[in-house]
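Participant: Chains as they are written, first to last, in our numbering: chain A, 1 to 191; chain B, 1 to 384.
It should be emphasised that the hints constitute simulated quantities derived from the structure, not laboratory data.
None of the values given here were measured: they were computed from a predicted structure.
It is possible that part of the hints are untrue.
[Unchecked claim] Cross-link-like lysine-lysine pairs, in silico, DSBU-like; alpha carbons within 30 Å at most: (1) Lys77(B) <-> Lys149(A); (2) Lys62(B) <-> Lys170(A); (3) Lys194(B) <-> Lys149(A); (4) Lys182(B) <-> Lys41(A); (5) Lys219(B) <-> Lys322(B); (6) Lys182(B) <-> Lys194(B); (7) Lys170(A) <-> Lys182(B); (8) Lys363(B) <-> Lys87(A); (9) Lys170(A) <-> Lys77(B); (10) Lys2(A) <-> Lys360(B); (11) Lys322(B) <-> Lys291(B); (12) Lys87(A) <-> Lys240(B); (13) Lys219(B) <-> Lys240(B); (14) Lys87(A) <-> Lys360(B); (15) Lys24(A) <-> Lys149(A); (16) Lys149(A) <-> Lys182(B); (17) Lys240(B) <-> Lys149(A); (18) Lys77(B) <-> Lys360(B); (19) Lys87(A) <-> Lys62(B).
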Amino acid sequence: MKVAGIIIGALAFASAGFRAPGRKGFIAFIPAVLLVIFGGKSNVSIASALGCGLLALFSTPADLPPLTGAGLLALSPALLPWVNPEKTDAPLLLLALAFSLFLAMGTRSMRGLQSYGSERRLALACFLLLLGFAGWMWQTFLRGGNAFKPEPWFMLGLLNCAFATGGWHKNKLGAEILTLLALAGIWSLTV
Amino acid sequence: MLFSDPLRFLWALINQPAAGAFLLVLSAVFLFFYPFVPLISRFLSGLWLVYLATRLSEELVKWTQTRHLSPRELLEKGNFRTIVVPLSPEELAARLPSILASPLWRSKVYKERTRYYFEAQGLIPVQLLRLLLYGGILIALLGFLFAPLTDRAEQYLLTPGDTFNFERTGVSFCLDEIYPDKLGGKGAFLAENKLIKSGSLAPGRPLILGLIMAIPVGKSPALNVKVLNEEVLILHPGGKEFSGELTVPFFMPNDEKYVFFPARHLILRLILIPGSDGHFLLEVFREGAEKAELRKKITGAEVLEIGGAKVEIIPTASLQIKLSRTVSLWLITFGLIVAAGTLLFWSVFPAGKVFGFIQKEEKVRINWAQEDSFEISCFERVLK
Numbered sequence: 001m002k003v004a005g006i007i008i009g010a011l012a013f014a015s016a017g018f019r020a021p022g023r024k025g026f027i028a029f030i031p032a033v034l035l036v037i038f039g040g041k042s043n044v045s046i047a048s049a050l051g052c053g054l055l056a057l058f059s060t061p062a063d064l065p066p067l068t069g070a071g072l073l074a075l076s077p078a079l080l081p082w083v084n085p086e087k088t089d090a091p092l093l094l095l096a097l098a099f100s101l102f103l104a105m106g107t108r109s110m111r112g113l114q115s116y117g118s119e120r121r122l123a124l125a126c127f128l129l130l131l132g133f134a135g136w137m138w139q140t141f142l143r144g145g146n147a148f149k150p151e152p153w154f155m156l157g158l159l160n161c162a163f164a165t166g167g168w169h170k171n172k173l174g175a176e177i178l179t180l181l182a183l184a185g186i187w188s189l190t191v
Numbered sequence: 001m002l003f004s005d006p007l008r009f010l011w012a013l014i015n016q017p018a019a020g021a022f023l024l025v026l027s028a029v030f031l032f033f034y035p036f037v038p039l040i041s042r043f044l045s046g047l048w049l050v051y052l053a054t055r056l057s058e059e060l061v062k063w064t065q066t067r068h069l070s071p072r073e074l075l076e077k078g079n080f081r082t083i084v085v086p087l088s089p090e091e092l093a094a095r096l097p098s099i100l101a102s103p104l105w106r107s108k109v110y111k112e113r114t115r116y117y118f119e120a121q122g123l124i125p126v127q128l129l130r131l132l133l134y135g136g137i138l139i140a141l142l143g144f145l146f147a148p149l150t151d152r153a154e155q156y157l158l159t160p161g162d163t164f165n166f167e168r169t170g171v172s173f174c175l176d177e178i179y180p181d182k183l184g185g186k187g188a189f190l191a192e193n194k195l196i197k198s199g200s201l202a203p204g205r206p207l208i209l210g211l212i213m214a215i216p217v218g219k220s221p222a223l224n225v226k227v228l229n230e231e232v233l234i235l236h237p238g239g240k241e242f243s244g245e246l247t248v249p250f251f252m253p254n255d256e257k258y259v260f261f262p263a264r265h266l267i268l269r270l271i272l273i274p275g276s277d278g279h280f281l282l283e284v285f286r287e288g289a290e291k292a293e294l295r296k297k298i299t300g301a302e303v304l305e306i307g308g309a310k311v312e313i314i315p316t317a318s319l320q321i322k323l324s325r326t327v328s329l330w331l332i333t334f335g336l337i338v339a340a341g342t343l344l345f346w347s348v349f350p351a352g353k354v355f356g357f358i359q360k361e362e363k364v365r366i367n368w369a370q371e372d373s374f375e376i377s378c379f380e381r382v383l384k
């Protein structure tokens with residue numbers, strides 16, 4: 001599972017790099033290489049970088065630099081000192097994918113790129129967040145008998161949804177806040 | 001309006017999507033204050049219920065009013081979006097049916113005088129999607145709010161052979177075995193002393209009987225005390241009587257338990273030694289005496305001669321079992337899945353009505369109005 005995630009994520013970035021000409025295409029190989037080297041240190045990093053990689057693969061070449069940046073940010077938890085590499089739970093990985101979509105949208109908007117369909121991707125991120133939350137709720141209940149213990153990622157997820165539904169990501173400041181929130185969400189999942 | 005017509009003011013205030021985003025921010029901020037979560041989350045849930053009920057009724061009214069209208073009747077006076085395309089109106093009119101392709105869109109393109117018009121309807125009405133989204137979240141919230149009324153949970157410390165009655169359910173749980181090397185064991189649900197279901201239980205894999213679940217949440221050391229005849233033993237604190245054998249659970253280091261042998265006027269004092277990895281201190285007192293007759297550290301199974309009786313003492317374990325009946329969790333899951341499924345459908349498939357026309361001035365443009373708040377991506381294909 002872990003190896004598959006790394007391979008698919010790296011291939012997604014590399015394929016996106018091949019599709020774009022020149023320097024834009026070349027820099028997409030950086031997250032591909034870093035994912036192979038550091039991905040193994042955090043499963044959350046693999047899932048979040050995979051999300052950005054797949055988005056890069058299905059986007060236009062103009063979108064590639066911000067999505068490459070989002071991929072690098074998504075990989076950053078692998079280098080954080082508090083990372084818990086044992087975190088492999090499926091709900092957490094779904095949440096990491098959701099945050100990676102928020103992160104990708106935020107970095108795209110920061111570059112002033114707003115193409116049609118981006119709002120649908122935010123809805124997809126909210127879908128993953130809801131599914132991840134439902135899965136997490138059952139998992140914590142079946143393990144410890146308690147379902148509702150608020151954790152930092154839950155609050156960050158709510159804030160991301162607020163930004164997405166409020167459309168604040170459309171202006172530059174909102175996009176920066178969305179990026180930071182999504183990054184904090186990915187980091188909080190690794191604790 | 002606030003003072004003259006407060007109800008209308010309140011309606012106008014909460015009946016807008018921005019109110020939902022504001023409530024999301026408010027909920028997230030208050031969740032940071034962990035000690036107040038139970039109180040605040042219920043207060044916020046109340047606000048959410050008002051908001052969602054308002055939105056639901058609004059969408060329902062809108063849906064009943066507009067569902068018979070054609071896209072043109074509905075959207076002719078709407079806000080039009082525009083996109084410049086590098087095609088002639090005739091080429092564009094020929095390509096539009098394939099862009100708004102069946103079965104995802106039900107579309108028609110027609111010409112009136114010199115202008116081409118098009119109308120399309122997505123797979124599902126937008127109002128229905130909104131109803132499902134808000135309805136799903138409303139169900140999840142109701143499940144959360146009514147959890148104290150619908151759910152029950154009790155926690156017991158059980159040793160093998162113990163049975164506990166789960167009150168007001170008519171079901172009792174009996175622990176048969178504890179796994180020595182991991183958290184878990186084997187148990188059974190009984191009703192009127194008849195076996196209903198038995199099986200193993202471990203964290204993440206509870207024993208389930210309908211809505212009732214038995215989940216092991218902790219394991220602590222215990223001592224099994226066995227007298228070779230059927231002598232009466234009394235466990236303190238509690239004063240529960242046993243015949244010939246009992247298992248003494250320990251909750252924490254330094255925990256003290258007493259086993260009274262009334263026939264022999266002997267008291268066994270048992271202490272869990274802190275930081276000892278499940279070792280115990282055994283002291284034997286004659287009734288009324290202050291000094292122990294025997295003092296011994298128990299690290300493994302022992303057979304001792306105490307007051308003329310052979311007593312077998314075996315270190316074992318007790319399992320902390322949580323018995324819960326959780327109606328709310330199923331309700332919340334159902335609500336979340338409805339909301340998530342709706343979002344997935346919304347983000348993948350076209351929804352709502354679209355009306356537009358092809359305009360030729362200096363450049364050729366597609367002008368269209370749509371019900372869906374999401375951007376429609378299919379017109380981009382013309383540019384490729």
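Participant: Within 30 Å, alpha carbon to alpha carbon, are Lys170(A) and Lys182(B)?
Facilitator: Violated: Lys170(A) and Lys182(B) sit about 52 Å apart, past 30 Å.
Participant: Quick one, are Lys322(B) and Lys291(B) close enough, alpha carbons at most 30 Å?
Facilitator: violated (40 Å)
Participant: For the pair supplied as a hint, Lys87(A) and Lys240(B), is the alpha-carbon distance within the 30 Å limit?
Facilitator: Distance ~45 Å between Lys87(A) and Lys240(B) Cα, so the pair is violated.
Participant: Between the alpha carbons of Lys77(B) and Lys149(A), is the straight-line distance 30 Å or under?
Facilitator: violated (49 Å)
Participant: Holds or violated: are the alpha carbons of Lys182(B) and Lys194(B) at most 30 Å from each other?
Facilitator: Within the cut-off at roughly 29 Å; holds.
Participant: Lys77(B) and Lys360(B): Cα distance at most 30 Å?
Facilitator: At roughly 20 Å apart (the allowed maximum being 30 Å), Lys360(B) and Lys77(B) satisfy the hint.
Participant: Given the hinted pair Lys194(B) and Lys149(A), is their alpha-carbon gap at most 30 Å?
Facilitator: violated (36 Å)
Participant: Are the Cα atoms of Lys87(A) and Lys360(B) separated by 30 Å or less?
Facilitator: Outside the cut-off at roughly 58 Å; violated.
Participant: Are the Cα atoms of Lys62(B) and Lys170(A) separated by 30 Å or less?
Facilitator: holds (28 Å)
Participant: Measure nothing beyond the straight line between the CA atoms of Lys87(A) and Lys62(B); if it is 30 Å or shorter, mark the hint as holding.
Facilitator: violated (46 Å)
Participant: CA of Lys219(B) to CA of Lys240(B), is that 30 Å or under?
Facilitator: holds (22 Å)
Participant: Holds or violated: are the alpha carbons of Lys240(B) and Lys149(A) at most 30 Å from each other?
Facilitator: violated (36 Å)
In the structure shown, a violation is registered for the earlier hints numbered 1, 3, 7, 8, 10, 11, 12, 14, 15, 17 and 19, in ascending order.
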